Amino acid sequence: MKKFDYYQPESLKEAYGLMEKLNGEARFIAGGTDVIVRIKQGALHPDALISLRRISALKGLGNEDGLSMGSMTLFRDIERDPAIARDYPALGEAASVLANPQVRNVATIGGNLCNAAPSADAAPPLMVLEATLTIEGPGGQREVSIEDFFRGPGETCLEHTEVVTRITIPKKRKGTGMAFLKIGRVAQDIAIANAAALIVVENGVCRKCRLSAGAVAPVPLRLKRIEGIVEGRKIEPDLLDRVAEMVQEDVSPITDVRSTAQYRKTVSGILVKRAIKEALDRAG
Amino acid sequence: MTQYSFIGTEVPRPDASDKAAGKALYIHDMVLPGMLYGKIKYSEYAHARIKHIDTSRAERLPGVRAVITGYNTPEIRIGFIRDNMPLKKDKVRQFRDEVAAVAAIDPEIAEEAVELIRVEYEELPAVFTPEDALKEGAPIVHETDARGRPKSDNLVPVAWNFVAGDVEKAKQEAAFIAEGRFQTPLIQQSCMGTAGCIAEFDLEGNLTIHTKTQIPFLAQNDFNRALAAIGLKGKNTRVTVPTLGGSFGTGLDTHGYEYIAILLAYKTGRPVKIVLNREEEFTTLSPRQPTETHIIQGCDKEGKLTLREVRMVLDNGAYTSWGATTPSVMMLPISSLYRVPNVLYEAKIVYTNNTYCQAMRGYGNPQAAWALECNLDDLAEKAGMDPFEFRMLNANIPDDTTPMGLNITSCGHEACLKTVADRLNWKQKRGKGRDKARGVGMASLFHVGGSGRVYRSDGTGIIMKLDDFGNVSVITGGIEMGQGFNSALALVSAEALGVTPDKVTVISGDTATCPWDVGTHASRGAFTAGNAAIMAAQKARDKIFRIASEHFMPRVHYKLKKRKKKDPDFEIPDLDYNRICDPSEFELKENVVFLKEEPDNPLLRVSLEEILREAHYREQGSMIISEAFYDPPNQMIDMKTGRGNLSATYIFGTHGAEVEVDRETGKVKILQFVAAHDVGKVINRQTIKGQIYGGMMQGLGYALCEEYKTDKGRNLNPNFLDYKIFSAPDVNFPIHIECIETDDKEGPFGAKGVGEPGLVPVAPAVANAIYDAIGVRIRDLPITPEKILSALKKKQ
Ligand SMILES: Cc1cc2nc3c(=O)[nH]c(=O)nc-3n(C[C@H](O)[C@H](O)[C@H](O)COP(=O)(O)OP(=O)(O)OC[C@H]3O[C@@H](n4cnc5c(N)ncnc54)[C@H](O)[C@@H]3O)c2cc1C
Numbered sequence: 001m002k003k004f005d006y007y008q009p010e011s012l013k014e015a016y017g018l019m020e021k022l023n024g025e026a027r028f029i030a031g032g033t034d035v036i037v038r039i040k041q042g043a044l045h046p047d048a049l050i051s052l053r054r055i056s057a058l059k060g061l062g063n064e065d066g067l068s069m070g071s072m073t074l075f076r077d078i079e080r081d082p083a084i085a086r087d088y089p090a091l092g093e094a095a096s097v098l099a100n101p102q103v104r105n106v107a108t109i110g111g112n113l114c115n116a117a118p119s120a121d122a123a124p125p126l127m128v129l130e131a132t133l134t135i136e137g138p139g140g141q142r143e144v145s146i147e148d149f150f151r152g153p154g155e156t157c158l159e160h161t162e163v164v165t166r167i168t169i170p171k172k173r174k175g176t177g178m179a180f181l182k183i184g185r186v187a188q189d190i191a192i193a194n195a196a197a198l199i200v201v202e203n204g205v206c207r208k209c210r211l212s213a214g215a216v217a218p219v220p221l222r223l224k225r226i227e228g229i230v231e232g233r234k235i236e237p238d239l240l241d242r243v244a245e246m247v248q249e250d251v252s253p254i255t256d257v258r259s260t261a262q263y264r265k266t267v268s269g270i271l272v273k274r275a276i277k278e279a280l281d282r283a284g
Numbered sequence: 001m002t003q004y005s006f007i008g009t010e011v012p013r014p015d016a017s018d019k020a021a022g023k024a025l026y027i028h029d030m031v032l033p034g035m036l037y038g039k040i041k042y043s044e045y046a047h048a049r050i051k052h053i054d055t056s057r058a059e060r061l062p063g064v065r066a067v068i069t070g071y072n073t074p075e076i077r078i079g080f081i082r083d084n085m086p087l088k089k090d091k092v093r094q095f096r097d098e099v100a101a102v103a104a105i106d107p108e109i110a111e112e113a114v115e116l117i118r119v120e121y122e123e124l125p126a127v128f129t130p131e132d133a134l135k136e137g138a139p140i141v142h143e144t145d146a147r148g149r150p151k152s153d154n155l156v157p158v159a160w161n162f163v164a165g166d167v168e169k170a171k172q173e174a175a176f177i178a179e180g181r182f183q184t185p186l187i188q189q190s191c192m193g194t195a196g197c198i199a200e201f202d203l204e205g206n207l208t209i210h211t212k213t214q215i216p217f218l219a220q221n222d223f224n225r226a227l228a229a230i231g232l233k234g235k236n237t238r239v240t241v242p243t244l245g246g247s248f249g250t251g252l253d254t255h256g257y258e259y260i261a262i263l264l265a266y267k268t269g270r271p272v273k274i275v276l277n278r279e280e281e282f283t284t285l286s287p288r289q290p291t292e293t294h295i296i297q298g299c300d301k302e303g304k305l306t307l308r309e310v311r312m313v314l315d316n317g318a319y320t321s322w323g324a325t326t327p328s329v330m331m332l333p334i335s336s337l338y339r340v341p342n343v344l345y346e347a348k349i350v351y352t353n354n355t356y357c358q359a360m361r362g363y364g365n366p367q368a369a370w371a372l373e374c375n376l377d378d379l380a381e382k383a384g385m386d387p388f389e390f391r392m393l394n395a396n397i398p399d400d401t402t403p404m405g406l407n408i409t410s411c412g413h414e415a416c417l418k419t420v421a422d423r424l425n426w427k428q429k430r431g432k433g434r435d436k437a438r439g440v441g442m443a444s445l446f447h448v449g450g451s452g453r454v455y456r457s458d459g460t461g462i463i464m465k466l467d468d469f470g471n472v473s474v475i476t477g478g479i480e481m482g483q484g485f486n487s488a489l490a491l492v493s494a495e496a497l498g499v500t501p502d503k504v505t506v507i508s509g510d511t512a513t514c515p516w517d518v519g520t521h522a523s524r525g526a527f528t529a530g531n532a533a534i535m536a537a538q539k540a541r542d543k544i545f546r547i548a549s550e551h552f553m554p555r556v557h558y559k560l561k562k563r564k565k566k567d568p569d570f571e572i573p574d575l576d577y578n579r580i581c582d583p584s585e586f587e588l589k590e591n592v593v594f595l596k597e598e599p600d601n602p603l604l605r606v607s608l609e610e611i612l613r614e615a616h617y618r619e620q621g622s623m624i625i626s627e628a629f630y631d632p633p634n635q636m637i638d639m640k641t642g643r644g645n646l647s648a649t650y651i652f653g654t655h656g657a658e659v660e661v662d663r664e665t666g667k668v669k670i671l672q673f674v675a676a677h678d679v680g681k682v683i684n685r686q687t688i689k690g691q692i693y694g695g696m697m698q699g700l701g702y703a704l705c706e707e708y709k710t711d712k713g714r715n716l717n718p719n720f721l722d723y724k725i726f727s728a729p730d731v732n733f734p735i736h737i738e739c740i741e742t743d744d745k746e747g748p749f750g751a752k753g754v755g756e757p758g759l760v761p762v763a764p765a766v767a768n769a770i771y772d773a774i775g776v777r778i779r780d781l782p783i784t785p786e787k788i789l790s791a792l793k794k795k796q
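Here the protein sequences line up with chains A and B, keeping their order.
First residue of the first sequence: 1, per the working numbering; consecutive thereafter.
First residue of the second sequence: 1, per the working numbering; consecutive thereafter.
Note that these hints are calculated values from the structure, not bench results.
This structure is a prediction, so every number in the text was calculated from the model and none was measured.
Quick reminder that beta carbons are idealized off the backbone N, C-alpha and C, glycines included.
Hints should not be assumed to be uniformly reliable.
Here are the simulated SDA-like cross-link-like pairs (lysine to any residue), alpha carbons at most 25 Å apart as the crow flies [unchecked claim]:
#1 Lys3(A) x Leu61(B)
#2 Lys794(B) x Met246(A)
#3 Lys669(B) x Arg38(A)
#4 Lys3(A) x Pro62(B)
#5 Lys709(B) x Val257(A)
#6 Lys787(B) x Lys13(A)
#7 Lys667(B) x Lys3(A)
#8 Lys543(B) x Glu610(B)
#9 Lys2(A) x Glu280(B)
#10 Lys669(B) x Ser96(A)
#11 Lys13(A) x Asn115(A)
#12 Lys40(A) x Ile117(B)
#13 Lys224(A) x Gln248(A)
#14 Lys787(B) x Arg274(A)
#15 Lys794(B) x Gln248(A)
#16 Lys667(B) x Ser252(A)
#17 Lys709(B) x Arg38(A)
#18 Lys40(A) x Ile625(B)
#19 Lys429(B) x Asp730(B)
Derived Cβ-Cβ restraints for the label pairs, each shown as a range [as the list claims (entries may be wrong)]:
#20 Asn100(A) x Glu10(B): 25 to 33 Å
#21 Gly24(A) x Asp202(B): 50 to 58 Å
#22 Pro62(B) x Asn100(A): 37 to 45 Å
#23 Val11(B) x Gly62(A): 49 to 57 Å
#24 Glu204(B) x Leu44(A): 22 to 30 Å
#25 Gly24(A) x Gly231(B): 53 to 61 Å
#26 Arg434(B) x Glu130(A): 42 to 50 Å
#27 Gly62(A) x Leu721(B): 29 to 37 Å
#28 Glu120(B) x Lys13(A): 36 to 44 Å
#29 Lys669(B) x Gly24(A): 29 to 37 Å
#30 Leu44(A) x Gly34(B): 46 to 54 Å
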């Protein structure tokens, strides 16, 4: 493993200031569960790591008008938060099946998103919850919808010097149900496929539908075409089977050591279908 | 039934706390003064000619102390048939072939130096499946054999054949026949502790090597040969074994990296450590052989098995390890699991340019059980019989000699089958869960339970040494590698000697101080060392009782007088203190020597340590040290006839699984698992359960997810992110373990070996349950969700 310098800035400004100074040869480190693994694998060779741990602006979990999470929020805290379990169960479920308790005790939600793996477990729930990311850098602050955040495997809309500071989720509407599902080879695995659904039902009719599928395209997907088919309809078995088929058309997975593309297609459809069903049960 | 003090109890293992707290010393923890770090440069091709190796840049790197290749070191031939060398010259035959190595003052420099070595190759056509390797005109992996004679095919010159009765005739007469092709994949042993060693020489040229091995004494022999090859004929190797984090067969051979550490240590005069990282553990150790099996079984109208024909092809990889002898163990279940008179077995082992293979826990048996037990369900179905009834009808029975000449003595096969059927509620469930995609299945195992004579000797030595305080050192040649050997040996020794287990310390892992042992394999550790311990304990007791015959009554007298002094009211009873006792009058139990005739007399008791001190402090004293060598009454297999009573006794077991299959995703959920094992006798209930749980977990991984994936000989998943084993969160179902005690007459206190069996029948039990649930049979492991989905699709 190559040697690198390690910085622990106390403020955001100091953090991106350092990043500017180090001319692109540095990396931010949050929990390090992606970045250190990649350095050890020889896939990354930064001259320096800039830790985000001491920056208090990146911490804190609040649930007043919607949910607001600092990017340094640990998955262990998300998993254990009673308000998240009650109001945003899809997010809580994703947190509780990410890796294992040891990893969840250090891994952050910001790191999961910024790492931009197509399989990132936090992505589908945040997609269906229509989360907004607050980003800050030398050029100031901006807000980006999570939908526009991912650009490709390992690629985001972040400038090299920018930091994701917060993730906010709008307040939950009445009649909303949501679910997250994941399939791996064993209990602790990176997703072969994952999916989330959010449904708002009024008088038995779906008023709003948000669907997302992960690990089946270069980025976590929003399935807008299918959302449009579901909205305004009663959710019945025929419709769900059609959804499963349509998902297969809309995804473009790859074959790797975890799974073949064909299997990913199939289960992606099944997971979306089941997530809708579960969301529907919870919408009541 | 004999009443035991410690046999059959459920107690934590003596090594448990140290391991849990991180105090146990693994090879990774060991640092010697002046130690260098070795690193190996591996091939970049599956098959290529080495044209040139340029080590000059590595040699110039500051901190590098030696760079070696096959061209500047003596030739050492290694492996089961000596077809391998620690450093390759002329040609590489697999990606893991070692072409150069360095020793440097720290691991980072060593790694950097290895990257500076440039090797020029000329790529050669390669073969990656036995099928291709056997084709006419296929590239030849070894152009010559170990003796330099030309070789024109890719067959490993170790052939296994067995014939009993007349299979062809039986086929014609059979009422029902089932035929199938079954495959098993390459899988990695996945030890928590990776492999490694430290080699060092003294100034006389003697070698000490601290290394991860299951065979310290055979390794000593191998390394002494290496010493001779490097010009140190007559010098000796001392092998010591640190705490092992699992071995599962990886320690049955000596390895290239060990010889490289030796060569580097010799060249530099410094201790050299080579420890594999996880990726190297995956890519440069020998995984379990993949097999392709063509099986035919047949039975008569009533369902009695009449024939079994098994033709198997094993992918050897590029070199030959002891794993080439796994067909000898496969021969056991193939010839003798269930009673079947007509048997034909043939195994071909084929060189390819894949990583070379070794045995893993079960030594071939899991591959054999996979084909046998799946195909048996197919046959039962053809015969219109319930698979449980079918198995009961053909089950092994006690006191039977099988076609291979195996003498079955104690045998709990029927009891295992019945226990599993009861526990699973078989009658209510079998064939009735299709609508819910639920099913039950079972499979049995047959394995050596009384060691296995793979080498000319199947022996093991024990030394028992007692000190002044009643402590007992049990010194053994066997190896604790996580299986609970030390715990079993401590309990057997305590029981046999008459001390409490806390007084016993097991000492092992040093060829200079421990008595000889052929190796910890074949589930033989507790069986052989236990028997040797009983023999040694008897000798120690004889010595103790001889000393007691002189000193017991005087000690009693002395103690009574002392008591009188303290308590004047105490009346010294009327005893004959001059009574000369005969050694045969004594008994020793739980650290106390007493008279057999008066076991309950509180006055006539002397602690063992007092007697031991008398031995040391009296005039012309003596020591209580005893030794014994146990070599079980078993036979080597005659290579010509395939016959021989390989083990002193045999072990049986049946596993049962209840599963639910998700028809949409193909995921298999285990609802419950039952493992019934004829263990002879439970020694430590906690350890035996641990062995069976662990075996079952490995078996489930083999059944459902483990696969060492390769692309043209190169491993694609050399880490636990990409290579998945079953772990604790996967066990979200009840497991019932049932130990059936058949009290074996050869076993120590009736016990048989149980190290390997726990994983043997898991995969077929699960596959049979899946078939019951959804009516599809998967014949190639692992049973992935994807295979299930495509089989379901085909069925529709
Ligand atoms: C054993 C193991 C199992 C795993 N299992 C899963 C799993 O099941 N599901 C899953 O989704 N992931 C899994 N992961 C991946 C990883 O744990 C998660 O992606 C985790 O959330 C990463 O967070 P981190 O804080 O550790 O990120 P880090 O490794 O610290 O950072 C990841 C990347 O994001 C950048 N970064 C981090 N924070 C910020 C920020 N605020 N602003 C800008 N850039 C930032 C870093 O520079 C880096 O490039 C696993 C990892 C391991 C080691």
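For each hint, the structure was consulted:
no. : hint                              : result
1   : Lys3(A) x Leu61(B)                : holds (17 Å)
2   : Lys794(B) x Met246(A)             : holds (23 Å)
3   : Lys669(B) x Arg38(A)              : violated (33 Å)
4   : Lys3(A) x Pro62(B)                : holds (17 Å)
5   : Lys709(B) x Val257(A)             : holds (7 Å)
6   : Lys787(B) x Lys13(A)              : violated (53 Å)
7   : Lys667(B) x Lys3(A)               : violated (43 Å)
8   : Lys543(B) x Glu610(B)             : holds (14 Å)
9   : Lys2(A) x Glu280(B)               : holds (19 Å)
10  : Lys669(B) x Ser96(A)              : holds (20 Å)
11  : Lys13(A) x Asn115(A)              : holds (22 Å)
12  : Lys40(A) x Ile117(B)              : holds (21 Å)
13  : Lys224(A) x Gln248(A)             : holds (14 Å)
14  : Lys787(B) x Arg274(A)             : holds (21 Å)
15  : Lys794(B) x Gln248(A)             : holds (20 Å)
16  : Lys667(B) x Ser252(A)             : holds (22 Å)
17  : Lys709(B) x Arg38(A)              : holds (21 Å)
18  : Lys40(A) x Ile625(B)              : violated (52 Å)
19  : Lys429(B) x Asp730(B)             : holds (24 Å)
20  : Asn100(A) x Glu10(B): 25 to 33 Å  : holds (29 Å)
21  : Gly24(A) x Asp202(B): 50 to 58 Å  : holds (54 Å)
22  : Pro62(B) x Asn100(A): 37 to 45 Å  : holds (41 Å)
23  : Val11(B) x Gly62(A): 49 to 57 Å   : holds (52 Å)
24  : Glu204(B) x Leu44(A): 22 to 30 Å  : violated (49 Å)
25  : Gly24(A) x Gly231(B): 53 to 61 Å  : holds (55 Å)
26  : Arg434(B) x Glu130(A): 42 to 50 Å : holds (43 Å)
27  : Gly62(A) x Leu721(B): 29 to 37 Å  : holds (34 Å)
28  : Glu120(B) x Lys13(A): 36 to 44 Å  : violated (53 Å)
29  : Lys669(B) x Gly24(A): 29 to 37 Å  : violated (48 Å)
30  : Leu44(A) x Gly34(B): 46 to 54 Å   : violated (34 Å)
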